[in-house]
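Q: Single-letter residue listing:
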Amino acid sequence: DVKVTQSSRYLVKRTGEKVFLECVQDMDHENMFWYRQDPGLGLRLIYFSYDVKMKEKGDIPEGYSVSREKKERFSLILESASTNQTSMYLCASSSWGPAKNIQYFGAGTRLSVL
Amino acid sequence: SQQGEEDPQALSIQEGENATMNCSYKTSINNLQWYRQNSGRGLVHLILIRSNEREKHSGRLRVTLDTSKKSSSLLITASRAADTASYFCATVLNAGGTSYGKLTFGQGTILTVHP
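Just so you know, the sequences run in chain order A and B.
Following the numbering used here from start to finish, the first sequence increments by one per residue and tops out at 114.
Following the numbering used here from start to finish, the second sequence increments by one per residue and tops out at 1115.
The shape of chain A in the complex, shown without the other chains (with noise of 0.2 Å):
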């Protein structure tokens, strides 16, 4: 089975913090994707990548930066921190293969900004 893992569950930072998201798969695929999840607005993209040190921006992108060093590690960084990106964050993974639309997702990161 896919697994993807994202290092927290739940977070609490302060405002104007650097905050890091991190997310591994395990299934080598070459897609990886990060959303945002808020009540009523469902799940929006914030930025995606389709290979080691490729990324592009998805439909909100502001106030965020990823980094993908390793093909299996995908990180979202939150430059400085702000109240507004209280939010669920989910990673998720798909592969260039026959089923390259399936994407697999981790469990999430309730982050909070205090």
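Just so you know, the hints here were simulated from the structure itself, not pulled from any lab data.
Quick caveat, the model's predicted, so the values are computed rather than measured.
Among the hints, a few may not be true.
Calculated lysine to aspartate or glutamate pairs in the EDC-like style (CA-CA distance at most 20 Å, straight line) [stated by the list, open to error]:
hint : chain 1 : residue 1 : chain 2 : residue 2
1    : A       : Lys3      : A       : Glu22
2    : A       : Lys100    : B       : Glu1017
3    : B       : Lys1026   : A       : Asp59
Given chain A, work out where chain B should sit, using these hints.
A: Relative to the frame of chain A, chain B by itself:
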């Protein structure tokens, strides 16, 4: 704006009843998928239907796709309390080979199945 819009936003039924959720989208798609999310957890893929397919089954799940109306429905038959979750439709746009499998999600339907 959301590519996928789901209806109803919430659905409450008794165990054994069928649950139907609908999804509408705006632009041409390559495929449409349904995902399930248990409270506070990640999403799990349920079923994928391609743009040239009209109906697909998987266990107690039945998905239909009407590309002329840009809509899809998910039917869960003989529901169980364990089916209680949020259900999301997600579309892959028909963007040739450059979409990288990006999904655009609807806002979801919250299904509650009472024992």
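Q: Against each hint, give a clear statement of whether it holds in the structure.
A: Comparing the hints with the structure gives:
Annotation: proposed proximity of Lys3(A) to Glu22(A) holds, straight-line Cα distance about 14 Å (limit 20 Å). With a CA separation close to 34 Å, the supplied pair Lys100(A) and Glu1017(B) exceeds the 20 Å bound. For a cut-off of 20 Å, the pair hint linking Lys1026(B) to Asp59(A) stands: about 17 Å separates their Cα positions.
Figure legend: structure checked against the earlier numbered hints; the only hint not met is number 2.
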